[in-house]
Amino acid sequence: MSRMTRSVVIGVGVLAVSAIVGVLVGPVHIAPGDALRWFVSFGHLPSGMSEQDAAILSNLRLPRVVVAGLVGASLSASGAAYQGVFRNPLADPYLLGAAAGAGLGATIAVAFGPETAFAVTVPFAAFVGAIVGVGLAYLLGRSSLGGRSATSLVLGGIAVASFLTALQTFIQQQRAETLRQVYSWILGRLGTSGWDDVRIALPSVLVALTTLWTVRRLLDVIEVGDLEAESLGLNVARLRMIVVIAASLATAAAVSVAGLIGFVGIIVPHTVRILSGASYRSVLPLSMLFGASFLILTDVVARTAVAPAEIPIGVLTALVGAPFFVFALRRGARVT
Amino acid sequence: MTAVLPGEAGMRLARQPAVGVRELGVRRGDREILREVSFDVPAGSWVCVIGPNGAGKTTLMHAVAGLVPFEGAVMLSGKRLDAYRRRERARLVALVPQQPVIPQAMSVDGYVLLGRTPHLGLLGAEGREDVIAVRTVLERLELGWATERRLDTLSGGELQRVVLARALAQDAPLLLLDEPTTGLDLGHQIDVLELIDELRREDGLSVLSTMHDLTLAGRFADRFALLSQGRLVAEGTRSEVLDAATIAEHFGAGVRIIGDGEIGWAVVPVSQRREPRP
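So the protein sequences, as listed, match chains A and B.
Per our numbering, residue 1 is the first one in the first sequence, and the count goes up by one each step.
Per our numbering, residue 1 is the first one in the second sequence, and the count goes up by one each step.
Hints are computed from structural coordinates only; laboratory data are not their basis.
Backbone N, C-alpha and C fix where the C-beta goes; we use that ideal spot for every residue, glycine too.
Treat the hints with caution; some may be incorrect.
Short derived list, chain A residues pointing at chain B, Cβ under 7 Å [what the hints assert, rightly or not]:
1. Ile158
2. Ser162
3. Asp226
4. Val236
5. Ala278
A few chain B residues that don't get close to chain A, going by computed Cβ distances all over 12 Å [unchecked claim]:
6. Asp82
7. Ala83
8. Arg166
9. Ala234
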């Protein structure tokens, strides 16, 4: 079995275990046997199980695990894709301004749009915002800061993120009646995840991740620089555009249903690289698998560590992610 | 390993030049980098572009590879370069750049596999034949032992051979080598050049290279194109291009040419300012 096949098998295994843990752990104890019987009976209530337990599983735990998985996979794969296409180990939806742009877009949709159409307007506005955020960060990092270095792109991203976040705060202040709605969403909404969120995120996530998975091999070609990649027959500008759009779509979907969750796009791809090598042929699929598992398990910690209260999941990912960022910075510094 | 298409073989028989550069001009902003450059690379030959720093040698290589916009024309196997699609072009021309970007963490076989890119479908994965092509090239360049090594664990000489291996994996009939011996010690320089010469003879490749070392260039290449300030000032065989007066004029260096004797052909610098030290 090749190293990659083995890693994928491990990744699927870890995801399955994470999902089971995510479904079983919670304030109300539900026996694993009951949960399994409920699961295989496809929603029919098995004997000896209370209706309330079944409702907890189907309306609270399961959608929450699915949303966490989708969000984790999206943020990790986007991070890996941005890192590949910008040849920058520090690229991440959060640090590039993509997430902040998505946040601003979603806030505008919540503040000014009709509430009945949120399922459509929020993800769309988030997508537009994410593209604008990354685009600005890329232009700033390239031109104003005069560098092709890894840090100039991230500095551009931080400037863009601060600016867009300020705009977002301003809009919140202006539209005080929607303040609570937006605020609870910014903190990370996994606590209220339901099947509606799955419906909102799933189409974008499927399209985006399928696209990224398809071009994963070409991200290896970009590693040798634009000029050499062109000499190998690759249309670099077009690939970069496709990847940025797909990664921003995934980021926007994640932000639309879960708010701002940082550093996942740094933590997961870098860990995967250490485990299975630097080729995007394995980094991309494995980032999706391990990203999903990572966020499902982080969410389990977030809702049990200080139960009955919940820690916002973004706080936990930042706690792990910030030190990891320093680690990636040191690795990156050695490369450039 | 080189599977030559019947069509291309036919063209070669017809003695069409591998590359025809016609009135080539390249501008970057207001600056004119190359102007009205015309010469041929006869099929199966090794043509070396020489010239002082800033003469436009690298730009010329990039133009022939289709990587910079230009005026005039570059004919590739008798057809205009811009008439080829990107991937077709990459199947005909392989470039070894002067300073290749080395993705440090990539494995040697992963890197050489990138050379197969123009042969894969846009979305296709590499097949058995691509893996075999990579293995064959690595064996041939005596890199079989390094297959799974990371690029950042290799020495300069090994790295140069790995970059050459990637270009050969492209299976292109034309090889563009921009200063293929940069940063190598004398022994490794000769190793690489002899290897290129051998590959060219065995596979019938055409080679267009730039080189700084005129002695080595003179020993390996068939023909020479001398660029100076973006213009082609001399073109032809060694005896036609590489004489002391021409070199003095364009390189600003006094040299003596030692002809074919016991030690072989060489360009030897002599000081213009003072007598050689005793």
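* **Hint check against the structure, violated hint numbers in rising order** => 1, 2, 3, 4 and 8
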